[in-house]
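First to last, the sequence lines map onto chains A and B.
In case it helps, my numbering puts the first sequence at residues 971 to 1150.
In case it helps, my numbering puts the second sequence at residues 68 to 410.
Keep in mind that the hints were calculated from the coordinates and are not lab data.
Ideal placement from N, C-alpha and C gives every residue a C-beta, glycine not left out.
Incorrect hints may appear among the rest.
[Claimed, not checked] For lysine-lysine, the following DSS-like pairs were computed, each having C-alpha atoms within a straight-line distance of at most 27 angstroms:
1. A/972 to B/204
2. B/246 to B/328
3. B/334 to A/1011
4. A/972 to B/406
5. B/328 to B/135
6. B/371 to A/988
7. B/343 to B/133
8. B/371 to A/972
9. A/1077 to B/406
10. B/313 to B/257
11. A/988 to B/334
12. A/1107 to B/204
13. B/246 to B/313
14. B/328 to A/1022
15. A/1118 to A/988
16. B/246 to A/1107
17. A/1063 to B/328
18. B/246 to B/204
[Claimed, not checked] Derived coverage of chain B by chain A (criterion: at least 3 residues anywhere in the stretch with Cβ under 8 angstroms from a Cβ of chain A; other residues may be distant):
19. 131 to 137
20. 272 to 279
21. 310 to 323
22. 337 to 343
Take a look at the letters that make up each chain.
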Amino acid sequence: MKRSQQRVVILQLIMALKENNSWCGETHIQKAAYCLQELMKVDTDFDFILYKHGPYSFDLCDELAAMRADELLAIKLNTFPYGPSLRVANLGKEMVERFPKTICQYKDRVDFIARKIGAKGVAQLERLATALYVTSKSEHDTVDERAKRIHDLKPHVSFDNAQIAVEEIDAMKRESANIV
Amino acid sequence: MAALCHDIGHLPFSHAAEEELFPPGWDHERMTMELIQSDEMKEIWENARPPLSSEDIVKLALGPKKAKELQFDDWETMLSEIIVGDSFGVDRMDYLLRDSYHAGVAYGRFDHHRLIDTLRILPPPLYPYGNQLDNSKEPSLGVEKGGIHSAEALLLARYFMFTQVYCHHVRRIYDIHLKDFLIDWLGETKYPTDIDAFLKLTDNEITSDLRDACLDAERPGHIHADRIINRKHFKLLYTRNPTDFKINSDAANLVKEAAVKEYGEDKVRLDGYSKKGGITDFPVLSDDGKTVLSALQESQVLAKIPSVVVNYVFVDPNIRDEALRWFNKGKAQIITPQKEEQK
């Protein structure tokens, strides 16, 4: 995927997340982009590691900063005491219009992710994306084995919440099979 | 130890041309890792009291961004953040103060004592989820409310140093000429990654060879050395600007491609930098000692610091006047955006 297409996919994802009531802070975008790449096999080619609130890509973080510098994205400050959001700026909307083919190619997959996780909060996304990360590394392990692994990696995530997240990821995998 | 070792894998002249000079798969962080894990250094770690582990030092010196294959727990993440973090890493604090001092400018100064005194480990700021709060408990590095002005000063210092010093167009083009020289100077080979050979080459050897190459037209890299030593650097043809940017955010690339087509690869250089790192937000502990807020909410200054981004197209000084005439005549056609073709 070319860099311009990669940017269009990010813009498309943020717009879809917004439509699905996402807060669209950087954490929300990071986790959604991870799910899009790992679960929906969209070839955005970001390198994710386990870091802040689960899978995290420094490349994506830099790209979001570059897109802000290029006025494709803008920060929206929110009412006290909540953290900031990102929104697609006018130049970003114009860019999306120039790439109809790319938008069409990834629309179903982007919409699926936005629908599934758009309305989730940071802590839920952290658990869910970490569950996907652990599942991608050990697909054949049982739910409990993967939940234990999540709890070991992120001790502030309880085993019970980790179990729920793993089950949710397994369900999403099954559901997404006919789109990917 | 990790902080001291953080930069030991740098090539002479630091970042210049690292990607082109090292063999594939190598960068200065990998070199840093090799040095920390070398037999000579291991002896030092083992003789320390209590003994130190080279893997711990690698983790903290490089952080999760560069030591991707290592697993970090929350505390290791936090400690590495103190050394290499985007917001408050000591590496950043050090290079701003040091470069500012050596460049003879005041832009990079800030009250690092006050900032360090007010650093705290905090949970992240709040994000709502429906009508409730759904917040992660994962800790990160933030400041007490009393330290927010020192944090603003650090981030402003970074902004000024990047716009006024690191991204100054003359500094940037000299970096490119140095990179061109080093590539010719190395020839077919790449920079050595064997530790002994690596440590033998310093800025001094290269400065000396640069002068020799400038004086002898037969030596590799002569033309680039001549540009550096005799100040015949390439001149600006195009700089990113808001008017063109609104027409096409990729304008600089298109100008470069058109200029290369017109004058040839060896007469044109493209350069670009945009700020790395995400939103500059971090948790702030309010005066009640309990509530954790977003720094961007607390500080009107942080929210308004622009991102640093530059794009330059340089041309050989001998063709610059002609190139400017050519560019001004065809500019509109060069930078007009094209729509992606439908299937």
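Hints versus structure:
| no. | hint | result |
| --- | --- | --- |
| 1 | A/972 to B/204 | violated (37 angstroms) |
| 2 | B/246 to B/328 | holds (23 angstroms) |
| 3 | B/334 to A/1011 | violated (42 angstroms) |
| 4 | A/972 to B/406 | holds (15 angstroms) |
| 5 | B/328 to B/135 | violated (40 angstroms) |
| 6 | B/371 to A/988 | holds (23 angstroms) |
| 7 | B/343 to B/133 | holds (14 angstroms) |
| 8 | B/371 to A/972 | violated (31 angstroms) |
| 9 | A/1077 to B/406 | holds (18 angstroms) |
| 10 | B/313 to B/257 | violated (41 angstroms) |
| 11 | A/988 to B/334 | violated (46 angstroms) |
| 12 | A/1107 to B/204 | holds (24 angstroms) |
| 13 | B/246 to B/313 | violated (32 angstroms) |
| 14 | B/328 to A/1022 | violated (45 angstroms) |
| 15 | A/1118 to A/988 | violated (33 angstroms) |
| 16 | B/246 to A/1107 | violated (40 angstroms) |
| 17 | A/1063 to B/328 | violated (31 angstroms) |
| 18 | B/246 to B/204 | violated (45 angstroms) |
| 19 | 131 to 137 | holds (count 3) |
| 20 | 272 to 279 | violated (count 0) |
| 21 | 310 to 323 | holds (count 4) |
| 22 | 337 to 343 | holds (count 3) |
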